[in-house]
Amino acid sequence: MGKIIDQIKAGKILVSDGAWGTFLQQKGMKPGECPEEWNITHPDEVLDIAKSYIGAGADMIETNSFGGTIFKVEKYGLADKVFELNKAAAEISRKAAGDKFVLGSVGPTGKILMMGDVTEEELYEAFKEQVKGLEAGGVDAIMIETMTDLDEAHLAIQAAKENTNCEVFCTMTFEKTVQGEFRSMMGVSPGEMVNTLIDAGADLIGANCGNGIADMIGIVEEIRSINSEIPILVHANAGMPVYKDGETVFPETPDEMAGLVSKIIAAGANIIGGCCGTTPDHICRVREEVDKI
Amino acid sequence: MSELLAKLANCIEFGKINKAAPYPPQLKGEDGADEITQQALETGIKAQQILTDGLMVGMEKVGVKFRENKVFVPQVLMSAKAMSTAMIHLKPYFLSGEVKQKGTFIIGTVEGDLHDIGKNLVSMMVEGNGWKVVDLGTDVKAEQFVAAIKENENAVVGLSALLTTTMVNMEKITKAVKEAVPGAKVAVGGAPVTDDFRKRIGADAYSADPQGLVEYLNATL
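The listed protein sequences correspond, in order, to chains A and B. Read in our numbering, the first sequence has 52 at position 50, and its numbers run on one by one without any break. Read in our numbering, the second sequence has 182 at position 102, and its numbers run on one by one without any break.
These are calculated hints, taken from the structure and not from any lab test. Just so you know, even glycine gets a beta-carbon here, dropped at the ideal spot from N, CA and C. Accuracy of the hints is not assured; some may be wrong.
[Said to hold, decoys possible] Going by beta-carbon spacing under 7 Å, a handful of chain A positions derived as facing chain B:
| hint | residue |
| --- | --- |
| 1 | Ile10 |
| 2 | Lys14 |
| 3 | Gly34 |
| 4 | Thr179 |
| 5 | Pro243 |
Based on the provided sequences and hints, a complete structural model is requested.
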């Protein structure tokens, strides 16, 4: 077991970071630009984001590498830069983190296996290339996230386990159906996810995006009903987006998010952080709540 | 005859592509959309009727189930695959003009956004309902939408976005399309999009699911 899991096993509740994508936009990144390219072209801005979450009290921060597989960066003509962009992403967060942890972000490829868009080997190789770059840049764990398809998640976990010495985490994104159940876009429920991801080798599982913290509580409960041991991470959105004055905003305030921290810990979460719309202020308040427990 | 079309509708609904396809398990070893469409043509059923009373019936069923969250993306994709397999046999009748499409739907993921899964799903469902679809791809700029609707002024335009940061581009595109072709109809969709957003940007229709868009399109006829 690795360093992060050791702390969880020792009973600690840990705090992760908040949103990166929207933060990059505030720093001047235009829609249509490759976020990962900023690790090379605007390293200081990326470092600022990483530092702001460390400053907010996070125990771990992610890397600016969510779309860092060849399938995403090739759209920007950067197919030969996968290793370099991911290594740079990891180095930036490593520099900001000091003795805190760094989670190397790995998002979905946008390719659908069952449609024959791509083969299992191609997916595996794509994830392998990315995670090797992240490890070379100094991440502690590989954070596979926002997955919707179990087969893709499985391949990503396998690629990370077999090609790095990092801890391997995996979260999926669920939405509430009209029947009030949680399912990923591909129809996977939190319960169905549990054994597949653990069998693939995940050291920690969980959910990110798609929901505010209130609904994340239900997802954590569902995971815990299947497995009482596996460490769980939650990266919740700041509520659901609303459109206001020409821009999209996430309405949940830091206090609102913080107000549910004790409940989600009671449900069984071990690491709490944010996704879309969350800011260093949200993480700062989550930190305060975690410290009270 | 109608039995054949009912079987075909069933293949589309459950995503049975051809006899060799292992999916869905309950139809294993049976003829799929590929074989049944051929048989229907051989027995003299008109291509138009195969489309309307077979394929479209199946697509509508899967569209409704998708809206009700009884099936998810994989099932819809399998249905679309079965549909496109059947359509290969009907292609000559489309080209000859024997089969008439309901109208034209122009679709694209808006400028700055490279996500195509939702756009492709919608595109397949609309096509499966008997519409001609002009797919402009991803990262589509206002000028490209304008050029496409100028070529076909009666077309309905569909805008897709997955990101909260790119959906704002829908406003600019909607305005440009309506300026170029007054009275043009614009539909919007995608994970962060809501009907409230649709109203604010002056678009004509929003649907949370592809079937709702199909119903809107049919209502414009």
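Q: Closer than 7 Å between Cβ atoms is the bar; does proline 243(A) clear it against chain B? Give me holds or violated.
A: holds, 5 Å
Q. Does the CB of glycine 34(A) sit less than 7 Å away from some CB of chain B?
A. Glycine 34(A) check passes; min Cβ-Cβ to chain B is 4 Å, inside 7 Å.
Q | Hint status (Cβ of lysine 14(A) to nearest Cβ of chain B, threshold 7 Å) | A | Given a least distance of 33 Å, the restraint on lysine 14(A) is violated.
Q. Taking the closest Cβ pair, is threonine 179(A) under 7 Å from chain B?
A. holds, 4 Å
Q) For the hint on isoleucine 10(A), does the least C-beta distance to chain B fall short of 7 Å? A) violated, 31 Å
The structure does not agree with the numbered hints 1, 2 stated previously, though it agrees with the rest.
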